[in-house]
Amino acid sequence: MALTLEQKQQVVAEVSEVAANAYSAVAAEYHGIGVAKLTKLREQAREKGVILKVVKNTLAKRAFEGTKFESMSDRMTGPLLLAFSMEDLGSAARVVFDFSKDNKALETKLVSVGGVVYGPEELERVSKLPTRDEAISILMATMNAPVTKLVQTMNAVPGKFVRTVAAIKDAKEAA
10 MALTLEQKQQ VVAEVSEVAA NAYSAVAAEY HGIGVAKLTK LREQAREKGV ILKVVKNTLA
70 KRAFEGTKFE SMSDRMTGPL LLAFSMEDLG SAARVVFDFS KDNKALETKL VSVGGVVYGP
130 EELERVSKLP TRDEAISILM ATMNAPVTKL VQTMNAVPGK FVRTVAAIKD AKEAA
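Numbers given in our numbering equal positions in the sequence shown, counted from 1, plus 9.
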């Protein structure tokens, strides 16, 4: 059943709002995947903070106008499933990459991060980007390293002095 103009406008508004707030997007062709498997994919996506949309390309192109995903518009062909990362850069890529390992019918077409469109070969690299919590822990470890090293160095000088005095004392007692 065809959508009315009002329904199309509503779909465009929904996708546009999601695209405006998303960090990255993945477009994948889902032709040949059954309803049960797509439902499982939607469940996995929901758990990871990823929004999945199946929209006609013409409506998606209109929805992407004025967003950082506008550059995807000219390369969208075929029936596409759009996955949007809402929590971190790599979450949509992780969901699609993990699902496509077991379901070869899900074929990645485009990956967009920060307004730059990449081909499907970049899906794995984007999926390996750290989550927000991982990035914060890496940053904290990096910031903590110089302070830790300074404390260790400052502690080594008196420790070495004490060991030297103890060695001299032991040498004098042995003599």
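Derived from the structure by calculation, the hints contain no laboratory data. Please note that a few of the clues may not be correct.
[Stated by the list, open to error] Below, simulated DSBU-like cross-link-like pairs (lysine-lysine); rule was C-alpha separation at most 30 angstroms, straight line: (1) K158 / K46; (2) K137 / K70; (3) K110 / K77; (4) K110 / K17; (5) K178 / K137; (6) K137 / K169; (7) K169 / K118; (8) K113 / K57; (9) K65 / K110; (10) K118 / K158; (11) K137 / K181; (12) K118 / K77; (13) K137 / K49; (14) K70 / K49; (15) K77 / K113; (16) K57 / K118; (17) K77 / K49.
[Unchecked claim] Label-pair ranges, simulated between beta-carbon atoms: (18) D111 / R84: 51 to 59 angstroms; (19) E133 / A176: 51 to 59 angstroms; (20) M95 / F170: 50 to 58 angstroms; (21) E26 / T48: 36 to 44 angstroms; (22) G128 / R51: 19 to 27 angstroms; (23) K110 / N66: 21 to 29 angstroms; (24) E26 / P88: 30 to 38 angstroms.
The structure presented is a predicted model; accordingly, all values stated were derived computationally and were not measured. Cβ coordinates follow ideal geometry from the N, Cα and C atoms, glycine included.
Hint-by-hint comparison with the structure:
{"no.": "1", "hint": "K158 / K46", "result": "violated (51 angstroms)"}
{"no.": "2", "hint": "K137 / K70", "result": "holds (28 angstroms)"}
{"no.": "3", "hint": "K110 / K77", "result": "holds (28 angstroms)"}
{"no.": "4", "hint": "K110 / K17", "result": "violated (33 angstroms)"}
{"no.": "5", "hint": "K178 / K137", "result": "violated (57 angstroms)"}
{"no.": "6", "hint": "K137 / K169", "result": "violated (44 angstroms)"}
{"no.": "7", "hint": "K169 / K118", "result": "violated (62 angstroms)"}
{"no.": "8", "hint": "K113 / K57", "result": "holds (21 angstroms)"}
{"no.": "9", "hint": "K65 / K110", "result": "holds (25 angstroms)"}
{"no.": "10", "hint": "K118 / K158", "result": "violated (47 angstroms)"}
{"no.": "11", "hint": "K137 / K181", "result": "violated (61 angstroms)"}
{"no.": "12", "hint": "K118 / K77", "result": "holds (17 angstroms)"}
{"no.": "13", "hint": "K137 / K49", "result": "holds (22 angstroms)"}
{"no.": "14", "hint": "K70 / K49", "result": "holds (27 angstroms)"}
{"no.": "15", "hint": "K77 / K113", "result": "holds (29 angstroms)"}
{"no.": "16", "hint": "K57 / K118", "result": "holds (21 angstroms)"}
{"no.": "17", "hint": "K77 / K49", "result": "holds (28 angstroms)"}
{"no.": "18", "hint": "D111 / R84: 51 to 59 angstroms", "result": "violated (26 angstroms)"}
{"no.": "19", "hint": "E133 / A176: 51 to 59 angstroms", "result": "holds (56 angstroms)"}
{"no.": "20", "hint": "M95 / F170: 50 to 58 angstroms", "result": "holds (56 angstroms)"}
{"no.": "21", "hint": "E26 / T48: 36 to 44 angstroms", "result": "violated (24 angstroms)"}
{"no.": "22", "hint": "G128 / R51: 19 to 27 angstroms", "result": "holds (25 angstroms)"}
{"no.": "23", "hint": "K110 / N66: 21 to 29 angstroms", "result": "holds (26 angstroms)"}
{"no.": "24", "hint": "E26 / P88: 30 to 38 angstroms", "result": "violated (22 angstroms)"}
Checked against the numbered hints above, the structure breaks hints 1, 4, 5, 6, 7, 10, 11, 18, 21, 24 and satisfies the rest.
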